[in-house]
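Novice: As given, the protein sequences belong to chains A and B, one line each in that order. For the first sequence, my numbering begins at 1 and goes up steadily by one. For the second sequence, my numbering begins at 599 and goes up steadily by one.
The hints are simulated quantities; they were obtained by calculation from the structure and are not laboratory data. A virtual CB, placed ideally from N, CA and C, is assigned to each residue, including glycine. Accuracy of the hints is not assured; some may be wrong.
Claimed, not checked - Computed, partial: chain A to chain B, Cβ under 8 angstroms:
no., residue
1, 11
2, 258
3, 350
To be verified - Capping the alpha-carbon separation at 20 angstroms, the derived lysine to any residue pairs in SDA-like fashion look like this:
no., chain 1, residue 1, chain 2, residue 2
4, A, 363, B, 664
5, A, 363, B, 637
6, B, 729, B, 755
7, B, 670, A, 349
8, B, 670, A, 367
9, A, 332, A, 245
10, B, 670, B, 729
11, B, 649, A, 550
Said to hold, decoys possible - If we take Cβ atoms under 7 angstroms as the criterion, some of the chain A residues that face chain B in the derived model are:
no., residue
12, 351
13, 353
14, 361
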Amino acid sequence: MASPRFAMSAFGEWTAHDPRGNPRAVDGRPEPLGSPVGLSAPRGGYASFRLVVRGRGRYRLSARIGGGLAVDLYRAWYHRFRKSGQPDEYWPDALVPVAPGAALELPDRDNRVPGQKVQEFWVDVFVPAGARPGEVAGKIALRAGAAAGAGGDSVELPIRVEVLPARLPDEPAVAMDNNSYGCRWLPGMYPRRFSAARGGGELAFWRTSIELLHHYHRISREHRTVFHNLGYGHSGQMDPIYAPRLSGSGRRLELGGWGLFDAHHGPLLDGRAFRRAAPGLPAPRQAPRPVWGVYTPINPDWPADYLWWKEPGYRAEFVGGLRQFDAHLAAKGWTASRIEFFFNHKKRYRWYEWDGDEQKYAKDNALHQAMIDLWEEATGRSRVRWVYRADASWQMKRQFEELGGHRNFWVCGGFVSWYRREIAAVLRRGEEVWWYGGYPPIGAASSAVLQNLWRTWARGLGGFCHWLAVSPGADPWFDCNGAATGPIYPGERFGIPGPLPSIRLKVLRNGIQDIDLLDSIARRRGRLEAVRRGLVRKVPIVLWEEPPAAARRLPPEDWDSENLATEHEPVMEALRSLAPDWWRVVRESALATAREVR
Amino acid sequence: MARRRPTPTPKQMTAALLDAAQVAAVMVDGDLAGRIVSERSWRYIRTPNPKYRFMTGDYYDVDHASFLLMKKTLLRLGRLAGFPCGTSLWLPVPGAKGQVSCVVQNGKLHRYYRFGASNQPTPPEMARCLKTGRVVAAPADRDYVTVLAPVRDSLGDVVGVVELCAASPGSRALAPAWS
Numbered sequence: 001m002a003s004p005r006f007a008m009s010a011f012g013e014w015t016a017h018d019p020r021g022n023p024r025a026v027d028g029r030p031e032p033l034g035s036p037v038g039l040s041a042p043r044g045g046y047a048s049f050r051l052v053v054r055g056r057g058r059y060r061l062s063a064r065i066g067g068g069l070a071v072d073l074y075r076a077w078y079h080r081f082r083k084s085g086q087p088d089e090y091w092p093d094a095l096v097p098v099a100p101g102a103a104l105e106l107p108d109r110d111n112r113v114p115g116q117k118v119q120e121f122w123v124d125v126f127v128p129a130g131a132r133p134g135e136v137a138g139k140i141a142l143r144a145g146a147a148a149g150a151g152g153d154s155v156e157l158p159i160r161v162e163v164l165p166a167r168l169p170d171e172p173a174v175a176m177d178n179n180s181y182g183c184r185w186l187p188g189m190y191p192r193r194f195s196a197a198r199g200g201g202e203l204a205f206w207r208t209s210i211e212l213l214h215h216y217h218r219i220s221r222e223h224r225t226v227f228h229n230l231g232y233g234h235s236g237q238m239d240p241i242y243a244p245r246l247s248g249s250g251r252r253l254e255l256g257g258w259g260l261f262d263a264h265h266g267p268l269l270d271g272r273a274f275r276r277a278a279p280g281l282p283a284p285r286q287a288p289r290p291v292w293g294v295y296t297p298i299n300p301d302w303p304a305d306y307l308w309w310k311e312p313g314y315r316a317e318f319v320g321g322l323r324q325f326d327a328h329l330a331a332k333g334w335t336a337s338r339i340e341f342f343f344n345h346k347k348r349y350r351w352y353e354w355d356g357d358e359q360k361y362a363k364d365n366a367l368h369q370a371m372i373d374l375w376e377e378a379t380g381r382s383r384v385r386w387v388y389r390a391d392a393s394w395q396m397k398r399q400f401e402e403l404g405g406h407r408n409f410w411v412c413g414g415f416v417s418w419y420r421r422e423i424a425a426v427l428r429r430g431e432e433v434w435w436y437g438g439y440p441p442i443g444a445a446s447s448a449v450l451q452n453l454w455r456t457w458a459r460g461l462g463g464f465c466h467w468l469a470v471s472p473g474a475d476p477w478f479d480c481n482g483a484a485t486g487p488i489y490p491g492e493r494f495g496i497p498g499p500l501p502s503i504r505l506k507v508l509r510n511g512i513q514d515i516d517l518l519d520s521i522a523r524r525r526g527r528l529e530a531v532r533r534g535l536v537r538k539v540p541i542v543l544w545e546e547p548p549a550a551a552r553r554l555p556p557e558d559w560d561s562e563n564l565a566t567e568h569e570p571v572m573e574a575l576r577s578l579a580p581d582w583w584r585v586v587r588e589s590a591l592a593t594a595r596e597v598r
Numbered sequence: 599m600a601r602r603r604p605t606p607t608p609k610q611m612t613a614a615l616l617d618a619a620q621v622a623a624v625m626v627d628g629d630l631a632g633r634i635v636s637e638r639s640w641r642y643i644r645t646p647n648p649k650y651r652f653m654t655g656d657y658y659d660v661d662h663a664s665f666l667l668m669k670k671t672l673l674r675l676g677r678l679a680g681f682p683c684g685t686s687l688w689l690p691v692p693g694a695k696g697q698v699s700c701v702v703q704n705g706k707l708h709r710y711y712r713f714g715a716s717n718q719p720t721p722p723e724m725a726r727c728l729k730t731g732r733v734v735a736a737p738a739d740r741d742y743v744t745v746l747a748p749v750r751d752s753l754g755d756v757v758g759v760v761e762l763c764a765a766s767p768g769s770r771a772l773a774p775a776w777s
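Bound conformation, chain A alone (with noise of 0.2 angstroms):
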């Protein structure tokens, strides 16, 4: 009889293989998982493995699991990352998934990898809320050449699957945040979407950009993460997506012309964008509701006018303004997510003297203040969840003190780590805590994504801010730069007209599903803190660090990269003496607590 031509093998989701098979270093050694496939997963949830398919030519997969569990099966793209002087590196992210019975080949004509010998793919079992505790089988099977009909290769890969008794909890216990920057940058990633929507002119050009906006919100919201798109730039410019039209001027300013507005807002903030998934991903796995927090136009120019700054009639633009924007959510009934007051700009581009977003200049809370005041005599007894947002960096400290008792929401830069004590008692006041930074690159060790959700966590922060998630690169396929601001990636080349996921992606959503696990059962036991501590004991990342020498004696002012002997860029620098493998205690404390649920 002759041997197949296909073999298939599964790995842990912490390893990484190149095409030709070869595990990849920086993530240790692989861990084949045997067969049957042996998982575990809580209901509500996901159990994840990497699939290495070997062999030669076409062939198709499917899967059947039973106990009214789902197999979601994503073909991994190898990224071609060009070295110079060197042969090309090829390493799996995006994840472009399989439909059923998908003709597949190997090597891949697509993908396009000279000497490829395997293929990855990453499988994810869903365990629906209702589903029965116990075990459930399943398979992966392959079918190659003539077998796609009969009498060809077939190779089965059984699944054991451990359904939890613990149930997920909808909201994640920490919110890992995929920022991005108004909408110009869709009709490059979607040409094509675009191209058809073309004959409806204006209209259908922020139709289309709403609606690929939305599929970014409901492909982050089914990877347990939380979107954020800030419509108005560093002028104070924005397009009509983000903000109703003005008219009039000084006691006369009027908000009018929602229809944009409400149709890019509105189905965020009342839950119905949830109620459909994004183009070719599986139907959403959560029921609908309202997302975290938006942002919003306000900005020193919107709505009311700068040339009336510290004059009577930029109190009555804005205090006007803003009562005629609160007060249409709130007749929409759009209370239940966070609305963000929030001011992005920079001095360092010239249209503003303050910094809006991480100022480095103490004089600049003055101009905060004064915002506040606006802010606070316009919407102080609103039915709206409104937060004052600060981006706080250089002056965090200070802000604090100065800025603080205002429904704070305080996103903070890296220097967070040298103010426990002074974050600890923010908390106390009941302000929220994120902090802000990036996604680890692709070359990274597939662990390195974790990093910041257990920085989180562990510090009771609230959330983590990535800050820019959707831009993966000029050619993040055939030339790629790592795509550290862009795990979710553009469909369209795979007639997708909608994002995709990645490994990256998973492997968030898969640690954020750990800590919920953790943090939803012993917050119902009253052993937040103690489990909370016990586990930091086990994982070695420093939490907590004293400030350098320079920013001991120096004031904020006069801090630099150079002084401070450390990049504050919000660029991810992933710990390399971490063991590939160092969430395991962390995978294996939430499984085990999920087992003891009743």
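Given the coordinates of chain A, work out where chain B should sit on it, guided by the hints.
Specialist: Same frame as chain A, but now just chain B:
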């Protein structure tokens, strides 16, 4: 029903901007312009740190009052045109021959500013404006109609340039500042 105002031609736009530029040349205060940017900011613009490229931006600071006064003056000048017009103040970088820096700007219409750039070589028409002290219409451009006005200080020296910039009738869609 309100009648729609006809779109001006590039020639009409240039004429309107030339008129506004004459006003700018009289109204914009060169001494005030010189007080906007802090000395340390100029130092880092002139000599960026080769290792930390964002340090120039981190150290950028302005005098609030001078900046605001200039910004409001420019905002008012922009409204003279009768159509959307961006206004920016450009100053030569002290100690860096041939380099200019945008110091104040308004709106999204700008021909020379490159997002995040702290300085750049002086465009030829801007150099001409600085050298001659005359209002200069920039060469035709697919996207912008631009006129430059000289800025004088109390000594009578030309110390900067105001850029008045409008979207050309045939321009491509201009994105807000993110692009």
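Novice: Could you work out which of the previously given hints the structure breaks and list their numbers from low to high?
Specialist: 1, 2 and 10
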